[in-house]
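Generate the whole structure from the sequences, applying the supplied hints.
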Amino acid sequence: MKTLGRILLIVAAFVLVMGITYVVVNSTNSSTTSPAFERGGEGLPQFPNGERTELPRGGGWMFGLLKNLGVMAIVVALIAVPKSLMRRKAAPVRVE
Amino acid sequence: MIENQSKTKNQTRTKLVIDVIIFIVFLIAMDPHSSGIPIHEWLTTAALAALVVHLLLSWDWIVQTTRRFVRKTGSQARINYILNWLLFIDGTVIMLSGFMISESLLPALGMTLPRNFAWRSLHDLSSNLFLLLLALHTALHWNWIVEAFKRYVFQPISRISANRSRKDMTA
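Heads up: the protein sequence lines correspond to chains A and B, in order. If you count the first sequence from 1, you need to add 145 to reach our numbering. If you count the second sequence from 1, you need to add 455 to reach our numbering.
Mixed in with the good hints there might be a few duds.
What the hints assert, rightly or not - Not the full set, but computed from the structure, chain B residues with beta-carbon under 8 Å of chain A:
| # | residue |
| --- | --- |
| 1 | M485 |
| 2 | S489 |
| 3 | L510 |
| 4 | L511 |
| 5 | W514 |
| 6 | I544 |
| 7 | T547 |
| 8 | V548 |
| 9 | L551 |
| 10 | L577 |
| 11 | L587 |
| 12 | L589 |
| 13 | A590 |
| 14 | A594 |
| 15 | W597 |
What the hints contain is simulated information worked out from the structure, not anything from laboratory work. Glycine included, each C-beta is placed from N, C-alpha and C at the ideal position.
Take a look at the structure:
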């Protein structure tokens, strides 16, 4: 029962944030005008057969994975390493 | 006392497993061109359940820090708390914008939404921001991650290999 209540609270928070985002995006979207889109892409280059085909990307899945892991590793190294060094400095020196 | 300790131990182990699953799902989800749109959409929707479990396992910390936030709490806990809320909000924005531009999940459920460029750009922007926030979240919990891996992954493996080599010696 306690867990169910917590799940409901989490879902309520999800719904609240989603509702706010929906209202904000729709209000900003309707206030900005984009005539080219409204006219159905008039004057814009058209895709063959009216459909957009994804071009093959160089590098494949490995590149995307390594890029994301690399970004995370850099951020972790920039924060975790100085933090552990500071902790080691602050710790009292043991005399054997 | 002993019951409490084993409960905490079990919780930490479950949390580690859930976090590893979330991390792997995130890495797959961040590259939809490689995984394909259907996997991208269904996998991330399924990961919502894992996120809820992650939040439930951290519930005590959330409640305690919320109570202490206004009054007296450490700066690191405060940064952590704000960062976690940003992660939650950004994750929700990603989910909503993902639903709004869905090409597989919602059509499979018989729903189609009008295409809107704003939702696509919001989805891209919020997922890039999520990568950065998740990296900060990982960095702030780095010691916990290292300790949990040592205790629940590396130590059992070394114990198993030590037992095996001992058996080989006696055989």
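Worksheet item: Of the hints stated earlier, which fail here?
Response: none
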